[in-house]
Structures are given as structure tokens and as C-alpha cells.
Amino acid sequence: MASSGLELLWVSAPQLAQGIGRTLGISLLAIVFSSVGGFIYGVLRNLGVRWIDGVLRVYLELFRAIPVLVWLYLFFFGLPIFIGWSIPGFWCAVLVLSLWGASETGEVVRGALRSIPGGQREAGLAIGLRQLQLYGRVLLPQALRRMTPPLINVFTRLIKTSSLAVLIGVVDVIKIGQQIIERTYESVLIYGFLFVFFFLACYPLSAASRVLERRWNHS
Amino acid sequence: MSALIELTRFSKNFGSVPVLQDVDLSVREGEVVVILGPSGCGKSTLLRCLNGLELGHAGQYRFAGQELPATTDWRQVRQQIGMVFQSYHLFPHMTVLENILLGPLSVQKRKRVDAQQQAESLLTRVGLLDKRDAYPRELSGGQQQRIAIVRALCMNPKVMLFDEVTAALDPEMVKEVLEVILDLARSGMTLLIVTHEMAFARAVADRILFMDGGRIAEQSAPESFFSAPQTARAQQFLEKFSYVENMPKRKTS
Amino acid sequence: MAFDVEFALSTLPAFVSAVGVTLQVGFIAIGTSLCVALINAAITAFGWPILRPLVRVYVELARNTPLLIQLFFIYFALPALGIRLSGFASAIIAMTFMGGAYLTEILRAGIDAVPRSQIESGLSIGLSRWQLLRHVILPQAGILSLPALFANFIFLLKETTVVSAVAVPEILYTTKSYIALYYKTYEMLAVMTGLCVLLFVPMSLLLRLIERRLQHGQFGS
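Chains as they are written, first to last, in the working numbering: chain G, 9 to 227; chain X, 583 to 835; chain L, 2 to 222.
Just so you know, the hints here were simulated from the structure itself, not pulled from any lab data.
Note that beta-carbon positions come from the ideal geometry of N, C-alpha and C, so glycine has one too.
Careful, some of the hints might be misleading.
Short derived list, chain L residues pointing at chain G, Cβ under 10 Å [to be verified]:
1. 159
2. 183
3. 187
4. 213
All chains, please: the whole structure from these sequences, using the hints.
So, in C-alpha cells, the structure goes:
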């Protein structure tokens, strides 16, 4: 069984690699878009303009309160009826995960910016920095240490949550695995493999986050 | 001589609380004005209004002959007005030199060679050239404050504002900072100084401005202010400060 | 694209029971997860030699893999090993596996946050280790970790949507079944969204309130 199991994984490697590519593709794209969106969100909330704050809070509460799977169904099944265009499952997953991830990332960025003493902002303004320079040169670099560990945690959650894409029909690594099981009935092997795959993708990130947290935020 | 800073009936509220009321102030080029007053009298707010960190609600503000409405591009103004804060506010993620050069390079777009040369000569002037590559956390409070002064000076401002710059320092570091300011005063720089160091105020000022309840209560030359204050509030204020100096001895020996 | 109100209303009984299933799965999983977490916290606090590293391994495994894979493993792979479980049982076990790990971490952080002096003063009046844990450490750790615990209870309730993947008739599964049967996508999505908003948004707002309340909250204040 052990050798035949390894053999099966070996034979299926090209297929699995394709699925892994799709799963990691969703995760990585979502991580990039979430980060960009989250930084914009964090800075906008930090400006303290009331109406922007209000709009962003509604966005935050909606994406925090309503489960990601519900959003996936809404976008995947709903967009075709509501707006008339359907998007492929892959991009639907990227879109929903990015929107959700940006709200989570954004709260991290906002929290880190809020932890910087107000004097830093004033000192920056006093030498004539414009807002963009103030954030780019003074505030965000200081916030970076504080926000990196929790940001990495959001990224691992994005990788884990990307697994839900299979439920809207994306042929990701899970779907490929299920197809292999249909042919071979090796469910323990394949689900074991999937378990290990996700663990190997997430654990190094969690560990890095913990190390950085200890090194940076306890000194 | 024309006035560098000119406020007319300048007022400012925090919510419904007035913090500055009908302030009239005119500062000549090269003049050293020390602002005294009890805490909460609006003296820090006055300084912060001068470079747009706070905006006034009424009245007129003219800087270098130009009227500045609230919608002014304050960035332009701030480059000509250096400000030093009570708790230094150096950027902790930058070295001393990076702190000093951030404004000249990224705001004023000056050549690095020129700016760095000026930064180094200023550092030499305050005796901290050897700390050029240190990070703020490696410096004492007094050193950090001297760097903050250099950071402001390196923008070649027309005027410097000092907001209680020695209030957060240990007593033994006060001197090194005050000497730098005194040196600036001697070189003819226009200075507005908020401080609680009475002896220093007396030594450095061309004019003392006493504020109370958001208004300028009294303006006079330092000698006459300290020897014969005109208002009762100023008298009370000075008595509190002389209390410690003239404290009666407990034991007569 | 008219909204078929009559059809939407006709599905309401099914959705009422779906909400019931969601809450049932959620609350059972919260209870079992809490039990797992308390046991783990005790093991960690006492520093039992073999069990303590095992707890670490369990927490890392459960926290670094998706619930969906844990669920699929239990529901689809265990039968091959002779363990056949219903969708509902698989759902509870998978959610406990994941939730237990999250809550363990939270209790551990809470215990770490109890000042060392508390333990020393407890020991100095002669408490046993068990008494120390029960009377001194856990009550304080509990308060300290309350906001995080609440946040994770709500997280677990939201995660129940994932168990729709193994045919547990909660809200999402019911939605999908009706869409598949009658093609009334528009109506069903509306009902699903409405129910989720009614169920989760108030919880989320309540959580925000609790967080603000407990931020500076301590005993006696």
C-alpha cells in the first residue's frame, strides 16, 4: 500500500501540480490584492474623514460578519443574475478573497498606524512633507514592524480559505484530488496528501509570524 | 523694518472653547520673542497656529508680508518656519542624518551634496557630528533635542518656533539645549520661544509676551517684565516661579 | 427577473429548520471545542511531559489546515478505514478539531497574561497546583481572554457554513439544494443573504460592543 500509494502520487504528480498551481494562484493573487487594498483602507481610515470612515466601516462590518462562503455563492451565483455577467470560478474566488482579505489586512494596517504617536505626524508636517510622503516615509515604515506578524497570519488564513473555491466548481488541488479518488478509491491517501499540502503551505508562515512577533514586539 | 509675522485679531476655538482670542502680534525679523504664561493659556496653540498644525477661526495671519488664509498651501509656509517640539519627535526608523535630510531632499528637492554639507556643519555647530549615523534611541534626550533643532534649521527657515523644548529633559541636559538656542539668537535668527525657564527667558528675549486665558495680557522688554510686571496675573505668575528660589530656610544656622 | 415571493415564502419552513441546524452545529461545536481547550490548557499549565508536546502538535496541525480538508478527511476518508460517520457527526468532529485548537491558543495566551506574582502569591498561601489553576489562574485568564473567546465563538458559528459541503442541511446547503431543484437562484440567494445578515451581523456588532466594554474591564469595574 505504501509503495503503491507513493506510486499513485507520482503518477498523478502532473495533474496535482496543476491543481496546486490553481490553489496557490488564487491565494497569491488574493494576498497581493488584499495587501494593496488593505494599505489603502488603513491609510484612508487613518485620515479621519468622517464620510470615508462611514463607508469603510460598513464594508468592514459586512465582510467581517458574513461568512466567506456566503460571499462566494453571492458573487458566483448572484452576479450573473444581478449584473448579467458571470465570472469564472477562479476569478470569482480571487475577487471574494481579495475583498475579504483587504478588510482584514486593512484593520491590521489601521491598528498599526494608530499605534504611532501623533507627534510623528506633526513632526513630518512641520518639515513640509505632503500626505503621501508623510505616510510613505514616516508613518508606514514605522508601522511595518508592528503589522508584519498579523499580516502574515491574514495571509495564512487566505491560503486556508482558498480551499472553499472547490465549492463553486474551481478545479483546484482538492477537485483534482477528488477526481483521482473517483478513479482509484484512495481517499485516505489523497486527503492525507491534501492535509499535508495545506499544512506545508501554512505552517512556515505561521512560524515566521510568531518568530517576528517575538523578535520585534518584545524589545 | 517690516514684520515677519503679523497676527491681527487672531482667534481659535477648540469646539466651543476659545483658546486664542483677538491676538494681535507682530514679530520683526531677527527678533527673539519669549512667550510666557500659565499652562492652558494658549501659548502652544499660538505656535501651532503659526505653521498651520492648527487653523485659526477668525482674524488675519500675515507671514513675510503675505496674507495666509486657512486654505493656504501650508507646506510652502512650513518650509520657512522651523518647529521644535517638547518631545523631539525624531523619526525612530531613521538615522540622525536621514532625519535631518528628509526635508531638504524630499520636500525642497535640494542636491544631496549641498544638503549633507549643511547638515554636517550644523551638526558640528551643536557638537554632535560624531552621532551622524546613530539612531535616535541611542541618544540622550538632550542630544535628541539638539538633533531636532538641526533638523528644523537645515530647511533654512526664516523663523524658528520652540515649544517647551526643555520641558521633557532631565535638568542636566537643559543647558546644552538652551545654549544652542542662545547661539541661534546671537546669530540674528528670528525666534519664538515658549518656555518655563525664567532665567533663560530673561537672558535671551528681546521681548516678553505674557499670555493668559487665550489673550496677550502684557508685552514688554524682559527687564521691565521681570522687575515690574504691569498686570496682577503676571505678578502672581512670577511669584509662583520665584517661590522656589526664595524659599525660606527651615533651619537658621 | 421577477421576484417569486410565493416561492420564497414556501421555502421558509425549510430555512427555519436550516437556521436551527446552523445554530445546533455551532453551539455544540463551541461547547466541545471549549472542553478540548480546557483540557489542553490544563495540560499546558501543568507541563505534563508527553502530553504537552502532543498538544502543541495538535494545535499546529489544526490551525494550519483548512476546515474543509479536515471535514472531507473525516467524512470521505475515514470510511475507508472502517469508520463511517454521518455528515452531522463529521461536522461536529471537524469543527471541534479546529475550534479546540483555536480556543486552546486563546486560553494559553490568557494564562500567560496572568501576572507571575499571582501564581507566587497563590503558592505562598499553600495552594496546590490544581487549586492554583482553578481558583487563581483560570478565573483571571478567563476574563482576560473573554473578548477573544467571544470572537472565536462567532468565528465558529460562521464556519458552520463550510459543513454544507458534507450535506448537513444548514442554511447554505438548503439554499444550494433549492437552487438545484427549482432554478430559483434569485429568490434563494435573497433568502440566504437575508438570513445571514439577520444572524451574523447582530452577532458581529454585539462582539464589537463586548470588546469595547471589556477592553479596560477588570474585576470590580
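Here's how the hints hold up against the structure:
no., hint, result
1, 159, "holds (4 Å)"
2, 183, "violated (13 Å)"
3, 187, "holds (5 Å)"
4, 213, "violated (14 Å)"
When the structure is compared with the earlier hints, violations turn up for hints 2, 4 and for no others.
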